[in-house]
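Chain by chain, the residues run as shown.
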Amino acid sequence: GIQVEQSPPDLILQEGANSTLRCNFSDSVNNLQWFHQNPWGQLINLFYIPSGTKQNGRLSATTVATERYSLLYISSSQTTDSGVYFCAPGALSGNNRLAFGKGNQVVVIP
Amino acid sequence: DGGITQSPKYLFRKEGQNVTLSCEQNLNHDAMYWYRQDPGQGLRLIYYSQIVNDFQKGDIAEGYSVSREKKESFPLTVTSAQKNPTAFYLCASSIRVRINAQSGANVLTFGAGSRLTVL
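Top line first, the protein sequences correspond to chains U and X.
Each residue of the first sequence is one higher than the last, beginning at 1399 in this note's numbering.
Each residue of the second sequence is one higher than the last, beginning at 14 in this note's numbering.
It should be emphasised that the hints constitute simulated quantities derived from the structure, not laboratory data.
Glycine included, each C-beta is placed from N, C-alpha and C at the ideal position.
A couple of the hints might just be wrong.
Result set (DSS-like, lysine-lysine): computed pairs, CA atoms no more than 25 Å apart in a straight line [said to hold, decoys possible]:
(1) U:K1500 <-> X:K22
(2) X:K22 <-> X:K83
(3) X:K70 <-> X:K84
(4) X:K27 <-> X:K83
(5) X:K84 <-> X:K27
(6) U:K1500 <-> X:K96
(7) X:K70 <-> U:K1500
(8) X:K70 <-> X:K96
(9) X:K22 <-> X:K96
Far from chain X, some chain U residues (derived; all Cβ distances over 12 Å) [claimed, not checked]:
(10) V1402
(11) L1409
(12) L1411
(13) A1415
(14) N1416
(15) S1417
(16) T1418
(17) N1443
(18) Y1471
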């Protein structure tokens, strides 16, 4: 199946700082989603972004499908941004099943 | 409000007992999924169902069973055959986004999860 590598695995940010999370994947995709898991375990879908760039408030995401990577930008980070960010691509050949990376653990300190 | 309800939130069971986790959605989504998450790990797919009365095994189906008798409901049973059942279980449903005339992509919404501990 598709291999997913997320970096950095752990990140500590001062409130107000900006950061970039990276997701590399091993196959051609027609589906890619970013999720945020809060400290209580709830996963929220942030973006469906198989290609191109999208923005939602302080978050934006870019996927370059031809080069097999996606980036999630967090600007002006807040303590509520803490949690784990998961990238989940779905391969063209994978029957639409998403593969999850191990995540980026982000801690935002006040 | 539309969403996915998982119950119970926390569950403790003795080794050798079967347990059933409930998942109900009122989003009118066709597809539903069960994932397992272990500490520090990503999510792994247990079972999924694209339509009522049909379901497929995911990557780690051994020791689990499911049913899909109603569109809204997709319960997961963790059987005594599952060797290491202690984990966080997440249910999801999806809406299909059209990519082109031939294909689409499933965009997932998750429930709040059920944490199972086997003593």
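Can the restraint linking K84 (chain X) and K27 (chain X) be considered satisfied, given a maximum Cα separation of 25 Å?
Roughly 31 Å separates the two Cα atoms, so the pair is violated.
Assess, step by step, whether the Cα of K22 (chain X) is no farther than 25 Å from the Cα of K96 (chain X), and give holds or violated.
holds, 21 Å
A cut-off of 12 Å on Cβ-Cβ distance, and T1418 (chain U) was said to be off the interface with chain X. Does that hold?
Per Cβ check, T1418 (chain U) is outside 12 Å of chain X; nearest 20 Å; holds.
Holds or violated: K22 (chain X) to K83 (chain X), with C-alpha atoms at most 25 Å apart
holds, 22 Å
Minimum Cβ distance from L1411 (chain U) to chain X greater than 12 Å, as the annotation requires
holds, 20 Å
Report holds if the minimum CB distance from S1417 (chain U) to chain X is greater than 12 Å, and violated otherwise.
holds, 20 Å
Holds or violated: are the alpha carbons of K27 (chain X) and K83 (chain X) at most 25 Å from each other?
Violated, at roughly 30 Å.
Decide, holds or violated, for the assertion that all CB atoms of chain X are farther than 12 Å from the CB of N1416 (chain U).
holds, 25 Å
25 Å limit on alpha-carbon distance, applied to hinted pair K1500 (chain U) and K22 (chain X):
Holds - the C-alpha atoms of K22 (chain X) and K1500 (chain U) are around 23 Å apart, at most 25 Å.
Given the proposed pairing of K70 (chain X) with K96 (chain X), does the C-alpha separation stay at or below 25 Å?
Distance of about 17 Å is within 25 Å: holds.
Minimum C-beta separation from V1402 (chain U) to chain X exceeding 12 Å: can you confirm that?
Non-interface label fails for V1402 (chain U): nearest chain X Cβ at 7 Å, not farther than 12 Å.
Verdict on N1443 (chain U) as a residue remote from chain X, using beta-carbon distances over 12 Å
N1443 (chain U) not clear of chain X: closest Cβ-Cβ about 6 Å, inside 12 Å.
Of the numbered hints stated above, those contradicted by the structure are hints 4, 5, 10 and 17, listed in ascending order.
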